[in-house]
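Undergrad: Chain residues, written in single-letter form:
2 protein chains.
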Amino acid sequence: MSNKIYFTPGPTQLFYTFEEHFKRALALDIISISHRSSTFIKIVEETTEALKELLELPAGYDIYYLNSANEVWDRIIQNLVDESSHHFANGAFSKKFYDFALAHHKSSSVTEVEDGAIFSDWNIPEKAELIGITKNETSIGFTTTEKELANFREENPDKLIALDIVSAAPSLPIDFSKIDTAYFSVQKAFGLPPGLGVWIVNEKCHEVAQKRATKTSLGSYRSLPNLKKFGDKHQTPETPNMLAIYLLGKIANDMIQVGLKKLRNDTIYKATILNQAIESHESLNHFVASKEHRSKTTIVADAKDPSKILSFFEKKGIILGSGYGIHKKNHIRIANFPTHSKESVEMLCDLLKDIE
Amino acid sequence: MSNKIYFTPGPTQLFYTFEEHFKRALALDIISISHRSSTFIKIVEETTEALKELLELPAGYDIYYLNSANEVWDRIIQNLVDESSHHFANGAFSKKFYDFALAHHKSSSVTEVEDGAIFSDWNIPEKAELIGITKNETSIGFTTTEKELANFREENPDKLIALDIVSAAPSLPIDFSKIDTAYFSVQKAFGLPPGLGVWIVNEKCHEVAQKRATKTSLGSYRSLPNLKKFGDKHQTPETPNMLAIYLLGKIANDMIQVGLKKLRNDTIYKATILNQAIESHESLNHFVASKEHRSKTTIVADAKDPSKILSFFEKKGIILGSGYGIHKKNHIRIANFPTHSKESVEMLCDLLKDIE
Numbered sequence: 001m002s003n004k005i006y007f008t009p010g011p012t013q014l015f016y017t018f019e020e021h022f023k024r025a026l027a028l029d030i031i032s033i034s035h036r037s038s039t040f041i042k043i044v045e046e047t048t049e050a051l052k053e054l055l056e057l058p059a060g061y062d063i064y065y066l067n068s069a070n071e072v073w074d075r076i077i078q079n080l081v082d083e084s085s086h087h088f089a090n091g092a093f094s095k096k097f098y099d100f101a102l103a104h105h106k107s108s109s110v111t112e113v114e115d116g117a118i119f120s121d122w123n124i125p126e127k128a129e130l131i132g133i134t135k136n137e138t139s140i141g142f143t144t145t146e147k148e149l150a151n152f153r154e155e156n157p158d159k160l161i162a163l164d165i166v167s168a169a170p171s172l173p174i175d176f177s178k179i180d181t182a183y184f185s186v187q188k189a190f191g192l193p194p195g196l197g198v199w200i201v202n203e204k205c206h207e208v209a210q211k212r213a214t215k216t217s218l219g220s221y222r223s224l225p226n227l228k229k230f231g232d233k234h235q236t237p238e239t240p241n242m243l244a245i246y247l248l249g250k251i252a253n254d255m256i257q258v259g260l261k262k263l264r265n266d267t268i269y270k271a272t273i274l275n276q277a278i279e280s281h282e283s284l285n286h287f288v289a290s291k292e293h294r295s296k297t298t299i300v301a302d303a304k305d306p307s308k309i310l311s312f313f314e315k316k317g318i319i320l321g322s323g324y325g326i327h328k329k330n331h332i333r334i335a336n337f338p339t340h341s342k343e344s345v346e347m348l349c350d351l352l353k354d355i356e
Numbered sequence: 357m358s359n360k361i362y363f364t365p366g367p368t369q370l371f372y373t374f375e376e377h378f379k380r381a382l383a384l385d386i387i388s389i390s391h392r393s394s395t396f397i398k399i400v401e402e403t404t405e406a407l408k409e410l411l412e413l414p415a416g417y418d419i420y421y422l423n424s425a426n427e428v429w430d431r432i433i434q435n436l437v438d439e440s441s442h443h444f445a446n447g448a449f450s451k452k453f454y455d456f457a458l459a460h461h462k463s464s465s466v467t468e469v470e471d472g473a474i475f476s477d478w479n480i481p482e483k484a485e486l487i488g489i490t491k492n493e494t495s496i497g498f499t500t501t502e503k504e505l506a507n508f509r510e511e512n513p514d515k516l517i518a519l520d521i522v523s524a525a526p527s528l529p530i531d532f533s534k535i536d537t538a539y540f541s542v543q544k545a546f547g548l549p550p551g552l553g554v555w556i557v558n559e560k561c562h563e564v565a566q567k568r569a570t571k572t573s574l575g576s577y578r579s580l581p582n583l584k585k586f587g588d589k590h591q592t593p594e595t596p597n598m599l600a601i602y603l604l605g606k607i608a609n610d611m612i613q614v615g616l617k618k619l620r621n622d623t624i625y626k627a628t629i630l631n632q633a634i635e636s637h638e639s640l641n642h643f644v645a646s647k648e649h650r651s652k653t654t655i656v657a658d659a660k661d662p663s664k665i666l667s668f669f670e671k672k673g674i675i676l677g678s679g680y681g682i683h684k685k686n687h688i689r690i691a692n693f694p695t696h697s698k699e700s701v702e703m704l705c706d707l708l709k710d711i712e
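One line per chain: the protein sequences are A and B, in this order. Letter 333 of the first sequence, counting from 1, is numbered 333 in the numbering used here, and no numbers are missing. So the number in the numbering used here is just where the residue sits in the second sequence, counting from 1, plus 356.
For reference, chain A alone in the conformation it holds in the complex:
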């Protein structure tokens, strides 16, 4: 790796044990062995077990390995939605899930507010079979609170709830018992190269998919019944991104060793000093007005001249994230993932003082 530090919200700085695990993977020929070998089946099993422990996943939830969060949106709609889903959108990614449903010609609906604004209307059309909500909107640094998610479940006991936990897992606590399906990609908080998306589903999702399969096509190799058929044997339907599955398991285990409590306390500490640095800075302001909805893993600030800040840091070998999409000219984004050490974040906060 170069000497730069990437605080970009994914792809990001590689997890600090990445290279060591990669070398070990090469030495063990993980890349050359058969994906149907007992060695690889054991790797899938170990990765799944590590993730279940790290994410504190309750019993009755399965984990499947896809290729991106984009693909999970695609497969959720294909597998779990007959006619209509409903989406809560206040940023580019939550909006995109809704767009995917429309691309599949579903008569889906959306509750859309301004980017970063809180939702006041939580009503959901009766016809919606699935609700799409985002734990951590990476594009603008907005977090849905655990209380909001608990209310969701209570008010919609029969609908499927799909939670986007990209850039949230494993840094933010999530009560999986309040949702039916969730997903993340590994190039965010896990500090891995992109190319793997993790899809978590519960029994209710399997039931919906099985019922739908009797009357319609759920696609082919990535239909939920087919994922389950292979997943139950710790296998994947296709030759998967084997290296990524191996590395994800190793890094999940490293995080378990660090301790989930410490990892989350560190996340809070780093978010706190980053927030203070923004508040005490003359030309920076929090983008998300509501304090409790500010993301702890993706710190987003309004800036007078983002490019000036970005290039100031770049000269020092520190890469911050630019604003996403329409916010490119107004925002800076700073990722706060487990691979970002407290020391590096403290340094970043100190440096922020030196630029107007």
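No lab work stands behind these hints: they were computed from the structure. Keep in mind that this is a model prediction, so the values were computed, not measured. Hints may contain errors.
[Said to hold, decoys possible] Calculated pairs, DSBU-like style, for lysine-lysine (alpha carbon to alpha carbon, straight line, at most 35 Å):
id	chain 1	residue 1	chain 2	residue 2
1	A	K215	B	K452
2	A	K127	B	K360
3	B	K379	A	K328
4	B	K685	A	K229
5	A	K106	B	K585
6	A	K233	B	K684
7	A	K106	B	K462
8	A	K353	A	K304
9	B	K462	A	K308
10	A	K52	B	K360
11	A	K233	B	K671
12	A	K95	A	K229
13	A	K229	B	K684
14	A	K342	A	K96
15	A	K304	B	K462
Given chain A, put chain B in place with the hints provided.
TA: Only chain B this time, still in chain A's reference frame:
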């Protein structure tokens, strides 16, 4: 890497320059930079250009980066087939493409012969919009000849022809002007880790997809119009397996440096001595009876006791492929990819003489 040599037909021995390129990718932070950065856009462009040169792709063909050959089957059916496709199946993988069409509830048809047998009936139902054929059936080592492919085009000028070039590209010459779409995964002849599938389509495929898009859904992020929208800018709709795209480009360029003629001559030389070794062996026989249909990249032999041969070689650090699926107890498979040196294949042939 360990000291073992993998002659398995994918995942297989890594291409001999893999580690060097991987280290360079780390040093350049290829894994941490944004997939929308100009640096990565240039990488996609360079990989595509290298592939076009290496595969001798005519003008008018586009290349898109998916995640596996399985996914390409899925997306071909989703994007290009309204009601029906027709498939030629004489092995597990050609059969599987047909199964994918059925899973999508298409009224597809199949010309199926015994594994490894040649096709005598080339008739195709009028209703078929797309024909699925396999250049190199990796499961049993069968090759469709260039003459057969040329006849196909001649007799079916209006149908889309989809050619599976998994384990064929770039070792076997392919006349792309005779087909409309083709695909391969990188863990075969390119000697890369699995997790990337390459989809090649021509203008006719784009026309079919655009026409279908006016009346039906082609899926979401991986619809052909969306792939084209991003691909025209050397981008992908989602955050892709960036490392794999980078490495594929580097290895394609290495192969260009070696020279396509030499690479293919070496393939023929190695296939010839492997075939001779099988013919002069008492307990081995070619599985594919027709000489001209025997694969040069996946050598498959009937064996009295495959496990004895496999374990004999394994003790010497040489991993051969077992038979695929129903042939596990009767076949051995030996991959002959560009990463397998002439010397290593000569050694393998010599060792074969030492075992009954």
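Undergrad: All hints, please: hold or fail.
TA: Right, here's what the structure says about each hint:
no. : hint            : verdict
1   : K215/A / K452/B : holds, 22 Å
2   : K127/A / K360/B : violated, 58 Å
3   : K379/B / K328/A : holds, 32 Å
4   : K685/B / K229/A : holds, 24 Å
5   : K106/A / K585/B : holds, 22 Å
6   : K233/A / K684/B : holds, 19 Å
7   : K106/A / K462/B : holds, 20 Å
8   : K353/A / K304/A : holds, 15 Å
9   : K462/B / K308/A : violated, 55 Å
10  : K52/A / K360/B  : holds, 34 Å
11  : K233/A / K671/B : holds, 29 Å
12  : K95/A / K229/A  : holds, 32 Å
13  : K229/A / K684/B : holds, 21 Å
14  : K342/A / K96/A  : holds, 33 Å
15  : K304/A / K462/B : violated, 55 Å
Taken one by one, the earlier hints fail for this structure at numbers 2, 9 and 15, listed in ascending order.
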